[in-house]
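Asks: Sequence:
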Amino acid sequence: MSDDVEQVRNATDLVALISEHVRLEPKGREHVGLCPFHDDSRPSMSVVTHRSTAFYKCFACGASGDCFTFLQKHLNWSFPEALQHLAERAGITLSSRGGDRDQVDRERAQARRTWLRKAFDQADAWFRATLESKAGDQARDCIAHRDISDAMVKRFGLGAAPEGWQNLHDALVGADMPAEVLLAAGLLKQKDATQSERCYDAFRNRLMFPIHDDAGQTVAFGGRDLGDDGPKYLNSAEHDLFKKGRLLYGMHLARPAMRQRGRGIVAEGYTDVIACHAAGFEETVGTLGTAFTDDHARMLLRQVSEVVLLFDGDEAGRRAADRAVGIAMRHVLDVRICVLPEGQDPDDMLRSPEGTSQFGEALDAAMDALDWCLQRSGIAETSPGSAARQQRLQRLLDDLAAAGLDRTDALRRDMLVTRIAELAGVQTTTVLRGLAPAVGTSKPKPMMHDAQLTTSEQSDTDQSLAPIEHELLAVALAAVACDQSADTVFDQLTMPDLRVVAQAALTLLQSNRPVDIPHLHDQLPDDAHRRLATDLIESGHSILESHAQAGEDAATAINTMIDRLTQRRTVAGVNTRISDWRTDGGRDANAAADLIEALRATGRRATALPRPAGG
2 MSDDVEQVRN ATDLVALISE HVRLEPKGRE HVGLCPFHDD SRPSMSVVTH RSTAFYKCFA
62 CGASGDCFTF LQKHLNWSFP EALQHLAERA GITLSSRGGD RDQVDRERAQ ARRTWLRKAF
122 DQADAWFRAT LESKAGDQAR DCIAHRDISD AMVKRFGLGA APEGWQNLHD ALVGADMPAE
182 VLLAAGLLKQ KDATQSERCY DAFRNRLMFP IHDDAGQTVA FGGRDLGDDG PKYLNSAEHD
242 LFKKGRLLYG MHLARPAMRQ RGRGIVAEGY TDVIACHAAG FEETVGTLGT AFTDDHARML
302 LRQVSEVVLL FDGDEAGRRA ADRAVGIAMR HVLDVRICVL PEGQDPDDML RSPEGTSQFG
362 EALDAAMDAL DWCLQRSGIA ETSPGSAARQ QRLQRLLDDL AAAGLDRTDA LRRDMLVTRI
422 AELAGVQTTT VLRGLAPAVG TSKPKPMMHD AQLTTSEQSD TDQSLAPIEH ELLAVALAAV
482 ACDQSADTVF DQLTMPDLRV VAQAALTLLQ SNRPVDIPHL HDQLPDDAHR RLATDLIESG
542 HSILESHAQA GEDAATAINT MIDRLTQRRT VAGVNTRISD WRTDGGRDAN AAADLIEALR
602 ATGRRATALP RPAGG
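Under my numbering, think of the first position of the sequence shown as 2, with each following residue one higher.
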């Protein structure tokens, strides 16, 4: 696995990767851009490629790392997801931990995914070009009729599939794009796969909406019928890259606004999402012809803690809201339900004269998910203590239990039970009895927390030593010349957070791996230590440059710092002895004499010693 990581890291152009998500401009030997990890108004992130290993660093929020870290933080992917994506991007087949058959299967799967990506890239470009041609007249009329601006057409990459049975086939099938790949992608179809019948286009006479994965790559299409020959909307069939219950339309575009505004809005259609973005509600995403799923909830939870679910005002919309509430409540999301007036969807409302303000008011009035459940249950319409009220409450609790309330972590479940009791006007014990036995059989789920650097961890250390220890480790790491004297250098460190970084460096040295930012990040337990390691190496390079201008090499600089650290520790020790002597009353003459000698050894005058009490 470590060989895979190194191969993928070395094959990834970090500037090209980050440029897919952030606009970068060259500045000297580096590239700079707005940091995507905080609300950045001026370019504060640098991408450094002239060192032994490329890395990025934000000088405002401290975010830093390599290609894997960027995708993990920006897209909230796991490390395996980032590794797999970058391997496919670079055309590298990851090694398998299984046998030869596993390796063959992995290579075949990766080759299939690579071909699928190529097919969708080519189809996406062809659909967009068709929209601009004579064959796209009808699609452009549809766009104009729905008041979709040129900016939104470009933002969402809309295209057109013309009338006819083999336009896409004839444009793409060739030596570098077999028909079999387009069939696997669902872009072509054939009536009978057992016969040598010619293939035909899956999308014909439709306005095309490309569907993207988290990284912004096209993996499927939705097509709106421009005539009366088929279903109004037609989506790509699922394949290796596309599982419609695991993607949200427009997620790659909505992510920055979600993070900035702290909420996500979930609509039900392509044009609804586009209308919301055009009106300034850029935190909006859409489901892909499916109900709201657990995977959707998990995707949103990676970005925000609050979600507004939009539904049309008809009974079908209300039933969809009921289903979504049950799913959302299994996750640590603050969910609100916004059901628009009957007969209206977001696109309809936002295209009306006062639509934007009305839509904003509807969002502000969105109902808490539990309030929605209680309202739909009709509990408030019955008298407290009545049999009808009890029956309706029990039905609500049965629905929540069936939706998976028993699978919610203990803290979340307790909060929900308390809230239900408050809204229903009953005791929490009543709610728990109504939920039994489902709730009673659940087990709390462990919660994972990143390690944190706390003040208490460093309370046993003289904080005055911290700047010198920081500088010493910075120079040692930047010099990468500490392999012969690493133990000597790192044994000087007493600050707990510095020792964690030093231990990571020792691990790398012992395994003959480079001591640089990406490799240190691989070894460190959390973001706090990764930021510290980046700061250390960056400041270490600056310190070494200043020493080099004074004619000193790294070894001399390190020895000078160790001497300074030794001197500072001696002074700190004397100060502690003085404090102890003062606490004892200052009457021990022998102790006073020893302290006078210690003071002289540090270059301080004996008058620094307090006079004995009564002296």
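Among the hints, erroneous ones may be present.
[Claimed, not checked] In the EDC-like style, the derived pairs of lysine to aspartate or glutamate whose C-alpha atoms are separated by at most 16 Å in a straight line are:
#1 K119 <-> E181
#2 K244 <-> D214
#3 K119 <-> D214
#4 K74 <-> D527
#5 K74 <-> D528
#6 K244 <-> D171
#7 K245 <-> D226
#8 K155 <-> D125
#9 K192 <-> E181
#10 K74 <-> D125
#11 K119 <-> D177
#12 K135 <-> E164
#13 K245 <-> E283
#14 K190 <-> D171
#15 K155 <-> E283
#16 K190 <-> E239
#17 K245 <-> D295
#18 K119 <-> E164
Since the hints were derived computationally from the structure, they do not count as laboratory data.
Asks: Hint by hint, note whether the structure agrees.
Replies: For each hint, the structure was consulted:
| no. | hint | in the structure |
| --- | --- | --- |
| 1 | K119 <-> E181 | holds, 13 Å |
| 2 | K244 <-> D214 | holds, 10 Å |
| 3 | K119 <-> D214 | holds, 14 Å |
| 4 | K74 <-> D527 | holds, 12 Å |
| 5 | K74 <-> D528 | holds, 10 Å |
| 6 | K244 <-> D171 | violated, 28 Å |
| 7 | K245 <-> D226 | violated, 20 Å |
| 8 | K155 <-> D125 | holds, 12 Å |
| 9 | K192 <-> E181 | holds, 14 Å |
| 10 | K74 <-> D125 | violated, 28 Å |
| 11 | K119 <-> D177 | holds, 10 Å |
| 12 | K135 <-> E164 | holds, 12 Å |
| 13 | K245 <-> E283 | violated, 21 Å |
| 14 | K190 <-> D171 | holds, 13 Å |
| 15 | K155 <-> E283 | holds, 15 Å |
| 16 | K190 <-> E239 | holds, 14 Å |
| 17 | K245 <-> D295 | holds, 12 Å |
| 18 | K119 <-> E164 | violated, 24 Å |
Violated hints for the displayed structure, listed by number in ascending order: 6, 7, 10, 13, 18.
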